[in-house]
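K.L.:
Here's the letter readout for the chains.
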Amino acid sequence: MRSLALDPRWIPRALGLGLLAFVIFGPLTNLLLWAVAERWYFPHALPLKYGFTYWVNVFSPRGNATGALVNSVVIAGLTVVISIGLAVPAGYALARLRLPLRGVILLMLLVPQAFPNLPVYVNIARIFYQFGLNGTVLGVVLVHASHGLVYAVWIATAAFSALDKELEEAARSLGASALRTFVDVTLPLAAPGLLASAVFVFLESLDEFTGTYFVGAPDVSTLPLLLYTAGAGGNYQIASITALILLVPSIAFMLVIERFLRADVLSKVGR
Amino acid sequence: MREPSFVERHLRVLFPLPAILFIALLMIFPILYTLALSFTSWNLTSGAPLRFVGLRNFEQVLTEPRFLDAVLRTFGFTIFAVLIEAVLGTAIALILNRAFIGKGLAKLLLLLPLVATPVAVGIVFNLFYDPTIGLANYVLSTFGLPQGLWVSDATSVIPSLIIVDVWQWTPMITLIVLAGLAGLSEEPFEAARVDGATQWQVLRHVTIPMVMPTILTAVILRLIDALKTFDIIFAMTGGGPGYASETLNIMGFKYSFEYFRMGQASVILIALFFFVLLCSLGIMKLRSSAEN
Numbered sequence: 062m063r064s065l066a067l068d069p070r071w072i073p074r075a076l077g078l079g080l081l082a083f084v085i086f087g088p089l090t091n092l093l094l095w096a097v098a099e100r101w102y103f104p105h106a107l108p109l110k111y112g113f114t115y116w117v118n119v120f121s122p123r124g125n126a127t128g129a130l131v132n133s134v135v136i137a138g139l140t141v142v143i144s145i146g147l148a149v150p151a152g153y154a155l156a157r158l159r160l161p162l163r164g165v166i167l168l169m170l171l172v173p174q175a176f177p178n179l180p181v182y183v184n185i186a187r188i189f190y191q192f193g194l195n196g197t198v199l200g201v202v203l204v205h206a207s208h209g210l211v212y213a214v215w216i217a218t219a220a221f222s223a224l225d226k227e228l229e230e231a232a233r234s235l236g237a238s239a240l241r242t243f244v245d246v247t248l249p250l251a252a253p254g255l256l257a258s259a260v261f262v263f264l265e266s267l268d269e270f271t272g273t274y275f276v277g278a279p280d281v282s283t284l285p286l287l288l289y290t291a292g293a294g295g296n297y298q299i300a301s302i303t304a305l306i307l308l309v310p311s312i313a314f315m316l317v318i319e320r321f322l323r324a325d326v327l328s329k330v331g332r
Numbered sequence: 283m284r285e286p287s288f289v290e291r292h293l294r295v296l297f298p299l300p301a302i303l304f305i306a307l308l309m310i311f312p313i314l315y316t317l318a319l320s321f322t323s324w325n326l327t328s329g330a331p332l333r334f335v336g337l338r339n340f341e342q343v344l345t346e347p348r349f350l351d352a353v354l355r356t357f358g359f360t361i362f363a364v365l366i367e368a369v370l371g372t373a374i375a376l377i378l379n380r381a382f383i384g385k386g387l388a389k390l391l392l393l394l395p396l397v398a399t400p401v402a403v404g405i406v407f408n409l410f411y412d413p414t415i416g417l418a419n420y421v422l423s424t425f426g427l428p429q430g431l432w433v434s435d436a437t438s439v440i441p442s443l444i445i446v447d448v449w450q451w452t453p454m455i456t457l458i459v460l461a462g463l464a465g466l467s468e469e470p471f472e473a474a475r476v477d478g479a480t481q482w483q484v485l486r487h488v489t490i491p492m493v494m495p496t497i498l499t500a501v502i503l504r505l506i507d508a509l510k511t512f513d514i515i516f517a518m519t520g521g522g523p524g525y526a527s528e529t530l531n532i533m534g535f536k537y538s539f540e541y542f543r544m545g546q547a548s549v550i551l552i553a554l555f556f557f558v559l560l561c562s563l564g565i566m567k568l569r570s571s572a573e574n
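Top to bottom, those sequences are chains A and B. Using the working numbering, the letters of the first sequence map in sequence onto residues 62 to 332. Using the working numbering, the letters of the second sequence map in sequence onto residues 283 to 574.
It is worth saying that the hints were derived from the structure and are not from the lab. Hints may be right or wrong, so weigh each one.
As the list claims (entries may be wrong) - When the alpha-carbon atoms are kept at most 20 Å apart in a straight line, the in silico EDC-like pairs for lysine to aspartate or glutamate are as follows:
#1 B:LYS567 x B:ASP507
#2 A:LYS110 x B:ASP507
#3 A:LYS226 x A:ASP245
#4 B:LYS536 x B:GLU341
#5 B:LYS536 x B:ASP351
#6 A:LYS226 x B:ASP351
Said to hold, decoys possible - Derived contacts from chain B toward chain A, CB cut-off under 8 Å, selection only:
#7 ALA301
#8 LEU308
#9 ILE366
#10 VAL369
#11 LEU376
#12 THR399
#13 VAL406
#14 ASN408
#15 LYS510
#16 GLY534
#17 SER538
#18 TYR541
#19 PHE555
Values in this document were obtained by computation on a predicted structure and should not be read as measured data. Cβ coordinates follow ideal geometry from the N, Cα and C atoms, glycine included.
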């Protein structure tokens, strides 16, 4: 058995870990303080009164947060359905089928990443306005999906490329059609990777600000929009509480990504 | 065996088609529209119809001092932020690559900034930087150090924003480099050890060169996003004080939504796209030479 406590080499590592924790948690401590501060102003370095009054306000039926939370979750859910629904066949095609114009398709997926989002959103907002999609949940979902789809296709392509071809070939040689092989063999095998990409798209949508701001505001409010308005209006308590709510699904995602996104899948992204 | 159905015969067209149409409609078309707008004079406030003006928008924007300042600011912000992130991120990855107690916890801690909403991060740091009751100045004064104005001062606003970017995105470099380190073969390390290389020599001459392509991939991804940074700057300073944190993306936003000069805004954003493309190509070239 190794003796851990007596090994002096642990000291610098413990110090390093402590420093890392401080750097990461320093700014977050401020957020936590604001979330429970009822009165806090200059020149007091710490809040004068602590309490949960603002939490009650945020979660009261008349508070904006409940509506924004519901909007955010509905939008993120629909975004996942559209993005993954389109990305699964596209990712499979990119990974397995001999595609006409494969290079052009990959370029189409890459260029929007390099192009500033702003003009895209501005022009989409203009086009949506003509179709009455501005300020609607559907409009926001479409914008989020256009963004999420690109990531979803990348991850789906990587997930399908990482699969062993032998099982599919076995199914085909036993007489299963290409479509049936895809549905019954390939899809279940790729499920973990696809699930990870679904979670990723969900969180991207939950956290998305710019597109929602241009296409949805002020009619559709999501948590990031609420956060921004509260912060800009000096309602630091509301902003901090909203930020904390947004952290919860993200932390859940950390645990998921640890399990599903293995290095062998990651290494194939973008190939 | 039965005859393949229509769907089966055209699988390789039907499978990717919906995704392609979606992206063409919602991303490629607006991009092309922006390109077209840059050659027109279109002012939302005047209500006048679109007018083709050739290269006049380019002439006006590209010679404006405010534009040149924004270009330099965008590059200053990006280069410093990404450089610090690359060095720090790689260093942390190398530390985390060894087995030690608390490694899982350290990795989880590290993921926290990465998964936080950028707007939330902006708010967090605005509270943190608050000159009077923010924790940053509190900690500085506790140690007897001079207090700062952070994002409220024209000279410190960009460094303060760089700190925010580094805080949020260093973990991304770490994660990618960790994946790269996990994929390295053991042989060169053993050979180096057999030859009696010190730990430092192994790091300098074996590990770093082998993981360099991965580092550069991470840098490309970061560079593209850093050049396009919008959320954090918009939420924290809106480009101020004055124009002190106005990057190209923020300037493009102001030209679109505050001055409603769509043609000129398009020129600004095309310029930004051009810089993103240029930087990505440059690093991709570096990467292919690092691989050989």
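K.L.:
Starting from LYS110 (chain A), check that the Cα of ASP507 (chain B) is at most 20 Å away, please.
P.N.:
Judged against 20 Å, a Cα distance of about 40 Å means the pair is violated.
K.L.:
Against chain A, is GLY534 (chain B) within 8 Å by beta-carbon distance?
P.N.:
holds, 6 Å
K.L.:
Have a go at the VAL406 (chain B) hint: is there a Cβ in chain A nearer than 8 Å to its own Cβ?
P.N.:
Holds. Min distance 5 Å.
K.L.:
With a cut-off of 8 Å, does the beta carbon of THR399 (chain B) approach a beta carbon of chain A closely enough for the hint to hold?
P.N.:
Where the cut-off is 8 Å and the nearest Cβ of chain A is about 4 Å from THR399 (chain B), the hint holds.
K.L.:
Need the status of pair LYS536 (chain B), ASP351 (chain B): alpha-carbon distance at most 20 Å?
P.N.:
holds, 15 Å
K.L.:
Go through the hint on ALA301 (chain B) and say holds or violated, using the shortest Cβ distance to chain A against 8 Å.
P.N.:
holds, 4 Å
K.L.:
Should the hint that LEU308 (chain B) touches chain A count as held when the rule is a Cβ pair under 8 Å?
P.N.:
holds, 4 Å
K.L.:
For the pair supplied as a hint, LYS226 (chain A) and ASP245 (chain A), confirm whether the alpha-carbon distance does not exceed 20 Å.
P.N.:
It holds: about 14 Å lies between the C-alpha atoms, which stays within 20 Å.
K.L.:
Given ILE366 (chain B) as an interface hint, is its Cβ closer than 8 Å to any Cβ of chain A?
P.N.:
Nearest chain A Cβ about 13 Å off; hint violated.
K.L.:
Checking hints one by one. Is PHE555 (chain B) an interface residue toward chain A, by the C-beta closer than 8 Å rule?
P.N.:
holds, 5 Å
K.L.:
Does the alpha-carbon distance linking LYS226 (chain A) and ASP351 (chain B) stay inside the 20 Å limit?
P.N.:
violated, 54 Å
K.L.:
For a C-alpha distance cap of 20 Å, please report whether LYS567 (chain B) and ASP507 (chain B) respect it.
P.N.:
Holds, because 19 Å separates the two Cα atoms, which is no more than 20 Å.
Checked against the numbered hints listed earlier, the structure breaks hints 2, 6, 9, 10, 11 and 18; every other hint is satisfied.
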